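With chain Z fixed as given, assemble chain H onto it according to the hints.
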Amino acid sequence: MTTRKMVLIDTSKCTGCKACSVACKEWNQLPAEKTQLVMSYQSQKDFTPKTWTYVTFTEKYENNKMNWLMRKAQCFHCADPACVKACSSNAISKTESGYSVIDQNKCIGCGYCEANCPFGVPKVDQVKKKSFKCEGCIDRVENNLKPACVKTCQPGALEFGEREALLTKAKKRLAEVQKTHPKAMLYGLNEMGGTTYIYLLLDRPEVYGLPANPQIPASLFLWKDVIRPVGSVAFGGAAAAVVVGVLANVMRGAYRSKEEGETGHRKGGES
Amino acid sequence: MPAQQHPDKVLRFTKGERISHWVHAISFFLLLFTGLGILSPLFLPVENIFGGIQVARIIHRIVSVIFMGVVGAMFFIGDTRYHWEWLKSVFTWTKADVQHVLAFPKEFFGGHGNYPPQDKYNGGEKINSLITILGSVFISLSGIIMWFAPSFPPALVRWAYPVHDLSMFMMATALLGHIYLALLHPDSRASLSGMLNGFVSTKFARSHHALWYDRINNRQKGM
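Those protein sequence lines, which keep their order, are chains Z and H.
Sequential numbering from 15 applies to the first sequence in the numbering used here.
Sequential numbering from 4 applies to the second sequence in the numbering used here.
Chain Z extracted, bound-state conformation (with noise of 0.2 angstroms):
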């Protein structure tokens, strides 16, 4: 189990049905929520600490023809999370298959990762005051099954296998889909380290409301890197600084001779 997984999320594929969204609720236990349209056919806004995968929708208008852009949103598992450096309480791990999972023993609810996911997947149920993500299937996943999405993923739009072979199979289709789709790309390659979701777009990451550059944000390397650190050392060197000035003021008697009196102190003081 500890070779590194991958699914390809083929949007040439995509029918746009949003099984993989019903699926995900199903197997994750996840109760349904109220939706409403929010452009196209798209019905989901954003994830919710109760929705972990959605589909977006994008009509795109060029040369009097209508490109129709489905992409299932989901989280990316990155091979560098934000969202790990960012937890406050090592709640967020990374398995070496490529997930990033949530201990929700240990999630406080903060919402440092929530805040600092470059693609705000992360939600807080601020209730529950714990974070919510896709799990990546896990429990599915390291146990030789599909992630929920890619079995009921009927147009064969999602596939799941091991990276190396996956990534070969992903770059000959993107071959393929270049001869009609000029712009089309995979997003994911190298993007945070290379992220274990990767997706076959057919157009540039911008039209699917995706960063074109996502990075961990550089107040998180300041604070997590630069701020804790220094901080912490400056404590501590404040801290010996004042245990060094009791010891020396001891052995210099300064205690003592100020019970004695006041000239006997002064003198403590100048010697």
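Keep in mind that the hints were calculated from the coordinates and are not lab data.
Every value quoted in this text rests on a predicted model; they were computed, and no experiment measured them.
All residues carry an ideal CB built from backbone N, CA and C; glycine is no exception.
Treat each hint with caution, since some may be false.
To be verified - Pairs of lysine to any residue residues, derived as SDA-like cross-links and limited to a Cα-Cα distance of at most 20 angstroms, are as follows:
1) H/LYS109 - Z/ALA248
2) H/LYS123 - H/ASN221
3) Z/LYS238 - H/MET149
4) Z/LYS238 - H/ALA158
Stated by the list, open to error - Some residues of chain Z that are not near chain H, with every Cβ distance over 10 angstroms (derived):
5) ARG18
6) LYS48
7) LYS74
8) VAL115
9) PRO169
10) ARG177
11) PRO196
12) ASN204
13) VAL221
As the list claims (entries may be wrong) - Reference excerpt, derived from the structure (chain Z facing chain H, CB under 7 angstroms, subset only):
14) CYS124
15) PRO231
16) ILE241
17) GLY245
18) ALA253
19) ALA262
Chain H alone, transformed into the frame defined by chain Z:
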């Protein structure tokens, strides 16, 4: 001046100043300890004192209102002149202040550094005050952004976290030195009474804050 009632004592801090100091001090301690659980899981057991991390986060917010509101209000309702004088004083730096800061490390470890007569606040106290003022302002602003995160741009919220932590580290570090000098340092701990009942001994005032002592003495004589 009330100092007339105590010939061997001078009033250093008015009641309003002392209220500001202790409200700030106690609320800072509560904020520090209720916040530790989110700094590192190592400190999570500390939050059991408050009834768990979720209770601590509520206490943190309630106390933050006192931390920001009460001390802020004291600048307008409690011995306001002294509050503003302190604020003005710590942003006014003289050569004597710098010389005190340079001699300070020796003093800190119990030696005797050479520096010219100091005003009501010496160079070291001005640094402590500056850290406290800037730290309080930045920790409050970043805290408000974190509390009402959905009302602010996401990038601003992300920057609020490092600012909040940096302010905390600066103030907590300064606090260690402040407590040592107020309670454990043989020379400077004589100043503690100034923050308890307001008065310090004339001897302390003359030896540690001669500029200030001479000024209030002359003012009295002139009256």
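Evaluated hints:
1. H/LYS109 - Z/ALA248: holds, 19 angstroms
2. H/LYS123 - H/ASN221: holds, 15 angstroms
3. Z/LYS238 - H/MET149: holds, 17 angstroms
4. Z/LYS238 - H/ALA158: Within the cut-off at roughly 16 angstroms; holds.
5. ARG18: Since the minimum Cβ distance to chain H is about 28 angstroms, Z/ARG18 lies beyond 10 angstroms and the statement holds.
6. LYS48: holds, 20 angstroms
7. LYS74: holds, 26 angstroms
8. VAL115: holds, 17 angstroms
9. PRO169: holds, 34 angstroms
10. ARG177: holds, 30 angstroms
11. PRO196: Holds, since 33 angstroms exceeds 10 angstroms.
12. ASN204: holds, 23 angstroms
13. VAL221: Consistent with the label, Z/VAL221 stays out of reach of chain H, its closest Cβ about 21 angstroms off (over 10 angstroms).
14. CYS124: holds, 6 angstroms
15. PRO231: holds, 5 angstroms
16. ILE241: holds, 5 angstroms
17. GLY245: Status holds, d = 3 angstroms.
18. ALA253: holds, 6 angstroms
19. ALA262: With a minimum Cβ separation of about 5 angstroms from chain H (threshold 7 angstroms), the hint on Z/ALA262 holds.
Checked against the numbered hints given earlier, this structure breaks none of them.
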